[in-house]
Amino acid sequence: MTQISLTFPDGNARDFDAGITAGEIAAGISNSLAKKAISATVNGAHWDLQWPITEDASIAIHTMKDDEQALELIRHDAAHIMARAVQEIWPDVKVTIGPVIQHGWYYDFDREEPFTPEDLAEIEAKMKEIINRRDPVTTEIWERDRAVEYYKANGEPYKVELIDAIPGDEPLRMYWHGHWQDLCRGPHLQHTGQVPGDAFKLMNVAGAYWRGDSDRAMLQRIYGVAFQSKDGLRKHLNMLEEAAKRDHRKLGREMDLFHMQEEAPGQVFWHPNGWTIYTGLQNYMRRRQHDYGYVEVNTPQVVDRKLWEASGHWDKYQENMFIVEVDEEHAREKSINALKPMNCPCHVQIYNQGLKSYRDLPLRMAEFGACNRYEPSGALHGLMRVRGFTQDDAHIFCTEDQIESETAQFLQMLSSIYKDLGFESFEIKFSTRPEVRAGSDEVWDKAEAALEAAIRSVTDDFELDPGEGAFYGPKLDFKLTDAIGREWQLGTFQADFVLPERLDATYIGEDGAKHRPVMLHRAILGSFERFLGILIENFAGKLPFWIAPRQVVVASIVSDADDYVHDVVAALKAAGVRAEADTRNEKINYKVREHSLGKVPAILAIGMKEVEDRTISMRRLGQKQSQVLSLDEVVRQLADEATPPDLK
RNA sequence: GCUGCUGUAGCUCAGAGGUAGAGCACUCCCUUGGUAAGGGAGAGGUCGAGAGUUCAAUUCUCUCCAGCAGCACCA
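Numbering (our numbering), first residue to last: 1 to 648.
Note that these hints are calculated values from the structure, not bench results. It is possible that some hints are incorrect.
To be verified - Straight-line C-alpha distance at most 27 Å; calculated DSS-like pairs for lysine-lysine:
(1) Lys479 / Lys609
(2) Lys334 / Lys356
(3) Lys542 / Lys514
(4) Lys152 / Lys201
(5) Lys36 / Lys94
(6) Lys648 / Lys609
(7) Lys542 / Lys245
(8) Lys126 / Lys35
(9) Lys65 / Lys250
(10) Lys429 / Lys479
(11) Lys446 / Lys542
(12) Lys514 / Lys573
(13) Lys128 / Lys94
(14) Lys235 / Lys250
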């Protein structure tokens, strides 16, 4: 028998017979490890305890204490157990695929009737039953023909299709959870009882296309979440509850920020409170852009299709544009226009007015560009995905040599702005040339190298995403993590060599000849609508003072204090603070509760004591204690807080 | 766009083949109360829109619209 040498995490190496399994090794170490073991890592690969090891390798045996492996296995086995439960209850349901996802798993089924919430409860109960049976998990490698025969005989056409898609040289692995079989790469747990029966939950059912293709059958997908312990599940459910509390659609109503209605789906009616945030943010961005050497422009909403044809958008996005037909009295034919879905072609039109010299570059052209896109109805989602929105858009026209310095400047601007807006950290994704692309390899080499050198001059901390670039150039995407750990992709920075060509943008170089500028498409917030949605959810409505729509309410405790209340409001307003009086005939408890729920950052309570001393009792949002201060001190302090971060 | 679900007062929701209810919010009255709901009275609805079945439809059926959860899409 051939011997192999296995190296353990502590550095010790031991010889074993080739073909030994990690399960057997665990059993050789101790009885309890044999029971507790869930899987192994063999030469970096996640390894089933039953799989033979045939060559020298490093090995680590995992138990439930190893989060990464434990969660993957629990969720993966839960997916199989769920599919088995479904087929035990409804034997004619066809199974497809069931992968592990972020907090759990899903499994797609083909079944005539839809699954109901009651069905989910029944499936969950059946799953617990299966877990309690502690059925062993076993595995075998099958011949392709045998597997195809088997699934044909069992009426599982989706599995047959999956086998056909697996490359011919890859072995087909079968897994059994008890009597129930599934085609699966593995690894899996030792037996169904290793899945914690009290730490999973079936969440919801939704439609999903077979193989993610909208031209194919719609299957029913059941989502589940699973953890190592009941506590893990509880924490996850709490997080979901917290996210629901922060939902910007709910807070938007409660704080009277905006509404949407049937007559304008996907478009926002901004109320005074919401518009205060919106314009505050826009003014801030305008100042920052100005500081970074941008010029601001504005371009038309309704633009003839000819321009969209020239830019290439008509071909690709016609279905997603709002088309406006204009039938002029004496015109031979109707003119067909589109509401602009983006600003870049219009910016090139401004660039193209008059001859440009290399001395004019880089030209940083910004627009708070109001765009309209006819998004598919199912895509709409509050402020996060709308049909009418305004981008903080800009295009930098520059020479190829300037790409690097422009990128560096942009990165600096972006991180400074995110920081001002309360997001300390973000992730960068660097996407390189896709297979189908425009532009020569030479230009791509240059663009990618410039972009990469530029990020590296700021940070080495970015993720490479090969092949995911735009067809016209490499790009950087910027992802923020919010207060409850959700990720949002916001900013983007794209190098474009194609549009200047299509729309014939040129500049005269030092050599006196015409050259093509490069266009850098860039946005920091993306759209104001979406960014405000994210901002509201990140702060759970408790926005930083300077951007809060209602900053201060001055509330009287007794009506004899009303005059002083109005004095205080006037003093705050004069100092640039958004202050309002609340002299309603209500108790102070009532007013404090109402304005706290309204997320007003500062509530100033005024009773006779304050009137006599010319003081103020200030209560800050989220604090139980109030503080008595002089009027001057309060005005000074709040005026300072009301100053936007870039003006401090 | 696709699958499933939902649409009743400003908000959150209950209800039923015989024409509609609660709490909060709103209006008025009483109350001047010291940091998260003082008391009383009142007003408020073409039950998402259209068509059909029925003596009778807000309730059942169909179509449409919008929203929600996913999927697909996102220049």
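Now for the hints, and whether the structure bears them out:
| no. | hint | in the structure |
| --- | --- | --- |
| 1 | Lys479 / Lys609 | 51 Å, violated |
| 2 | Lys334 / Lys356 | 35 Å, violated |
| 3 | Lys542 / Lys514 | 53 Å, violated |
| 4 | Lys152 / Lys201 | 32 Å, violated |
| 5 | Lys36 / Lys94 | 34 Å, violated |
| 6 | Lys648 / Lys609 | 34 Å, violated |
| 7 | Lys542 / Lys245 | 12 Å, holds |
| 8 | Lys126 / Lys35 | 24 Å, holds |
| 9 | Lys65 / Lys250 | 39 Å, violated |
| 10 | Lys429 / Lys479 | 8 Å, holds |
| 11 | Lys446 / Lys542 | 45 Å, violated |
| 12 | Lys514 / Lys573 | 55 Å, violated |
| 13 | Lys128 / Lys94 | 21 Å, holds |
| 14 | Lys235 / Lys250 | 22 Å, holds |
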